[in-house]
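Top line first, the protein sequences correspond to chains A and B.
1 is the number of the first residue of the first sequence in this note's numbering; add one for each residue after it.
1 is the number of the first residue of the second sequence in this note's numbering; add one for each residue after it.
Be aware that one or more of the hints could be misleading.
[Stated by the list, open to error] Sample of chain B residues with no beta-carbon within 12 Å of chain A, all distances over it, derived:
1) Thr5
2) Arg75
3) Glu78
4) Arg81
5) Gly84
6) Phe93
7) Glu122
8) Gly150
9) Lys215
10) Glu239
11) Asp260
12) Arg304
[To be verified] Listed below are several chain B residues computed to face chain A (Cβ distance under 7 Å; list not exhaustive):
13) Met56
14) Ile57
15) Thr60
16) Ala77
17) Ala274
18) Gly295
It is worth saying that the hints were derived from the structure and are not from the lab.
For every residue, glycine included, the Cβ atom is placed at its ideal position computed from N, Cα and C.
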Amino acid sequence: MSGLAVTPVLAQLSDDFFGDRQGAADRCPGNNELCPGWIVDNFTDYLNPLWEHVLLSVIPLAIGFVLATGLAMLAHRYPKLAPPFLAFVSILFTIPSIAFYLILINVTGRGFATAVVALTAYTQVLIFRNVLTGLREVPQGTVEAAQGMGMSSRQILFGVELPMALPTIFAGLRIAASSTVGIAGFAFFAGAGGLGQSIFADPRFRGNVVAASVLMILLAAALELAVLAVQRALTPWQRAVSR
Amino acid sequence: MQAATLEFRHVHKQYPGADKPAIADLSFRVEAGDICVLVGPSGCGKTTAMRLVNRMIDLTSGEILLDGRSVMERRPAELRREVGYAIQQIGLFPHRTIADNIATVPKLLNWDKTRTKARVEELLDLIGLDRSLGRRYPAQLSGGQRQRVGVARALAADPPLLLMDEPFGAIDPINRERLQNEFLRLQGELRKTVVFVTHDIDEAIKMGDKIAILKEGGHLAQYATPSELLMYPADKFVEDFVGADRALKRLALQRVRDIDLWKAATVRTGEDSAAAKAKLADADLPYLLLVDDRGRPKGWLSDRALSGERIVEDLRSSADPIVEMDDILRDALSDLLAADTRYGPVVDEAGAVRGILSLEAVGHALAATGGHVPTATELARESAAHDGRATADGLSSGSGSDLARS
Numbered sequence: 001m002s003g004l005a006v007t008p009v010l011a012q013l014s015d016d017f018f019g020d021r022q023g024a025a026d027r028c029p030g031n032n033e034l035c036p037g038w039i040v041d042n043f044t045d046y047l048n049p050l051w052e053h054v055l056l057s058v059i060p061l062a063i064g065f066v067l068a069t070g071l072a073m074l075a076h077r078y079p080k081l082a083p084p085f086l087a088f089v090s091i092l093f094t095i096p097s098i099a100f101y102l103i104l105i106n107v108t109g110r111g112f113a114t115a116v117v118a119l120t121a122y123t124q125v126l127i128f129r130n131v132l133t134g135l136r137e138v139p140q141g142t143v144e145a146a147q148g149m150g151m152s153s154r155q156i157l158f159g160v161e162l163p164m165a166l167p168t169i170f171a172g173l174r175i176a177a178s179s180t181v182g183i184a185g186f187a188f189f190a191g192a193g194g195l196g197q198s199i200f201a202d203p204r205f206r207g208n209v210v211a212a213s214v215l216m217i218l219l220a221a222a223l224e225l226a227v228l229a230v231q232r233a234l235t236p237w238q239r240a241v242s243r
Numbered sequence: 001m002q003a004a005t006l007e008f009r010h011v012h013k014q015y016p017g018a019d020k021p022a023i024a025d026l027s028f029r030v031e032a033g034d035i036c037v038l039v040g041p042s043g044c045g046k047t048t049a050m051r052l053v054n055r056m057i058d059l060t061s062g063e064i065l066l067d068g069r070s071v072m073e074r075r076p077a078e079l080r081r082e083v084g085y086a087i088q089q090i091g092l093f094p095h096r097t098i099a100d101n102i103a104t105v106p107k108l109l110n111w112d113k114t115r116t117k118a119r120v121e122e123l124l125d126l127i128g129l130d131r132s133l134g135r136r137y138p139a140q141l142s143g144g145q146r147q148r149v150g151v152a153r154a155l156a157a158d159p160p161l162l163l164m165d166e167p168f169g170a171i172d173p174i175n176r177e178r179l180q181n182e183f184l185r186l187q188g189e190l191r192k193t194v195v196f197v198t199h200d201i202d203e204a205i206k207m208g209d210k211i212a213i214l215k216e217g218g219h220l221a222q223y224a225t226p227s228e229l230l231m232y233p234a235d236k237f238v239e240d241f242v243g244a245d246r247a248l249k250r251l252a253l254q255r256v257r258d259i260d261l262w263k264a265a266t267v268r269t270g271e272d273s274a275a276a277k278a279k280l281a282d283a284d285l286p287y288l289l290l291v292d293d294r295g296r297p298k299g300w301l302s303d304r305a306l307s308g309e310r311i312v313e314d315l316r317s318s319a320d321p322i323v324e325m326d327d328i329l330r331d332a333l334s335d336l337l338a339a340d341t342r343y344g345p346v347v348d349e350a351g352a353v354r355g356i357l358s359l360e361a362v363g364h365a366l367a368a369t370g371g372h373v374p375t376a377t378e379l380a381r382e383s384a385a386h387d388g389r390a391t392a393d394g395l396s397s398g399s400g401s402d403l404a405r406s
């Protein structure tokens with residue numbers, strides 16, 4: 001990552017989000033006011049960034065879920081692996097996203113892939129920790145009962161421990177979902193578009209900022225609800241009221 | 001598969017790095033169809049000993065023979081599917097329905113769906129749970145119902161040996177007693193070989209055909225029937241563990257029909273007074289007991305009732321408490337004490353007087369060291385062979401109230 005490689009990238013980025021700014025003032029009668037009418041008229045302009053943002057959220061979540069769950073299952077099976085794994089995914093989470101993109105751009109180039117790699121990395125700590133906690137919270141007696149009835153360790157993991165950990169796992173996935181939608185707001189630094197790009201395309205125009213931000217909030221809420229719906233479908237016993 | 005014999009032969013278990021063995025030279029034999037209770041203070045290795053049987057823990061030396069075959073020759077998973085396993089209610093899978101929980105081992109054994117479903121329904125009937133409860137989750141059941149499901153799950157593949165690790169440990173005393181009675185009734189029908197772990201000596205005495213008392217370090221202190229244990233504790237440790245009230249505990253092992261009852265002088269209204277008085281000579285108690293046409297006790301006659309030529313109904317006191325032949329001696333004694341009396345009439349199934357239970361008769365039974373004191377399974381078998389009134393009542397009221405709650 002030499003300065004030589006980074007400088008032209010930055011120049012190109014700033015060109016992207018400040019290039020269109022001059023014309024923006026004319027588009028809204030109230031010059032940078034909220035202008036709901038303008039938002040309605042220009043709503044279709046946000047659909048493509050929204051779709052990019054959906055992909056930037058859902059794909060890292062899906063890949064991240066599989067990866068982190070696998071890591072957590074390993075760490076559960078071999079407890080010695082848990083501390084180094086946790087340290088690794090925690091460090092990943094502390095890297096500022098802009099720095100992460102700049103580092104990755106030298107490896108994966110500018111674009112969608114770079115954003116997905118970084119966003120996936122950020123989901124790891126949230127999902128990993130919850131999956132591992134969920135697996136560890138399964139009562140010893142339940143696992144022993146399963147062993148005592150002749151279930152293999154694989155049958156116990158997939159048939160008892162993982163299902164019983166689902167509520168905790170999904171709690172982690174919900175946090176990861178809203179967090180990913182938020183962090184994906186910076187994906188345009190990697191050249192991957194998204195609603196962040198819309199915001200930074202005209203940050204002084206309030207109508208533009210509000211329209212893009214509200215869409216991000218709605219997307220975060222929708223994803224959380226979707227995760228919750230899947231959780232409810234997969235954990236019918238949770239709704240069974242204790243009496 | 002009916003029931004298997006189980007034999008421990010000089011079994012040792014030493015954990016790596018531990019300076020003392022967890023189990024030391026443990027030898028005993030459980031006959032097919034018997035309940036063997038492993039009991040002792042915490043840290044005595046009773047749970048370890050039980051887990052050596054299905055190889056959840058592997059022994060260091062010695063042999064455990066299941067129907068004559070060493071468990072160490074068996075593959076653990078296969079062995080465990082053949083040996084029923086029940087632990088405290090926490091062992092149920094909260095994410096599976098009651099039916100799925102019960103079907104755990106049949107599924108592991110790849111039974112087909114029809115057979116599994118039929119077996120689940122059969123077991124729900126057996127434990128007195130409505131079949132519709134099969135679709136519920138464990139959290140929707142009462143503690144007592146969950147425990148019954150735990151037993152049903154352990155019985156699902158009809159194992160010849162059942163391991164039960166403090167199965168009634170987390171249950172309140174009233175429901176625990178009910179579950180114990182139910183289990184003994186089931187055992188009277190099923191006659192499985194059972195290894196039952198508990199820390200509660202009263203539970204051990206109630207449930208066991210044989211009791212193995214373990215002391216710290218996994219040493220066998222005594223292996224005997226409950227009555228042997230109560231009458232002849234092997235050493236100070238057993239004596240202390242069994243408790244100072246061991247003579248009283250023996251009362252829990254006997255029924256009213258097992259002891260020598262006093263003869264009663266029974267009369268009916270209208271009988272000749274002189275003849276009635278003559279009956280007293282033959283009786284153990286100097287009071288006449290008035291009975292109705294069918295011999296059922298009405299009360300103790302006063303002297304005035306005999307003043308005329310014929311006996312009239314003039315009572316000095318009621319006949320309470322009325323004791324049944326099948327009552328546990330301890331409960332009958334408790335009834336006497338509660339009624340503040342020294343004697344009470346004993347009636348048979350038809351309610352007719354068969355004799356008198358008195359404090360003296362109970363005392364005599366306690367003092368007698370000879371004679372056969374039946375074990376829990378024998379009692380259960382006997383009452384299952386009878387009409388099983390005492391235990392069956394316990395069961396129907398038990399499941400009834402539980403069902404009402406759900």
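These are the hints, each one checked on the structure:
1. Thr5: 21 Å, holds
2. Arg75: Nearest chain A Cβ is 9 Å from Arg75 (chain B), so the label is violated.
3. Glu78: 7 Å, violated
4. Arg81: Answer for Arg81 (chain B): violated, closest chain A Cβ roughly 4 Å.
5. Gly84: 8 Å, violated
6. Phe93: Nearest chain A Cβ is 6 Å from Phe93 (chain B), so the label is violated.
7. Glu122: 18 Å, holds
8. Gly150: Check fails; 8 Å does not lie beyond 12 Å.
9. Lys215: 25 Å, holds
10. Glu239: About 33 Å separates Glu239 (chain B) from the closest Cβ of chain A, which puts it past 12 Å; holds.
11. Asp260: 47 Å, holds
12. Arg304: Consistent with the label, Arg304 (chain B) stays out of reach of chain A, its closest Cβ about 58 Å off (over 12 Å).
13. Met56: Result: holds, 6 Å to nearest chain A Cβ.
14. Ile57: With a closest approach of 11 Å, the Ile57 (chain B) hint is violated.
15. Thr60: 20 Å, violated
16. Ala77: 5 Å, holds
17. Ala274: It is violated, given that the least Cβ distance between Ala274 (chain B) and chain A is near 66 Å, above 7 Å.
18. Gly295: Because about 47 Å separates Gly295 (chain B) from the closest Cβ in chain A, which is outside the 7 Å limit, the hint is violated.
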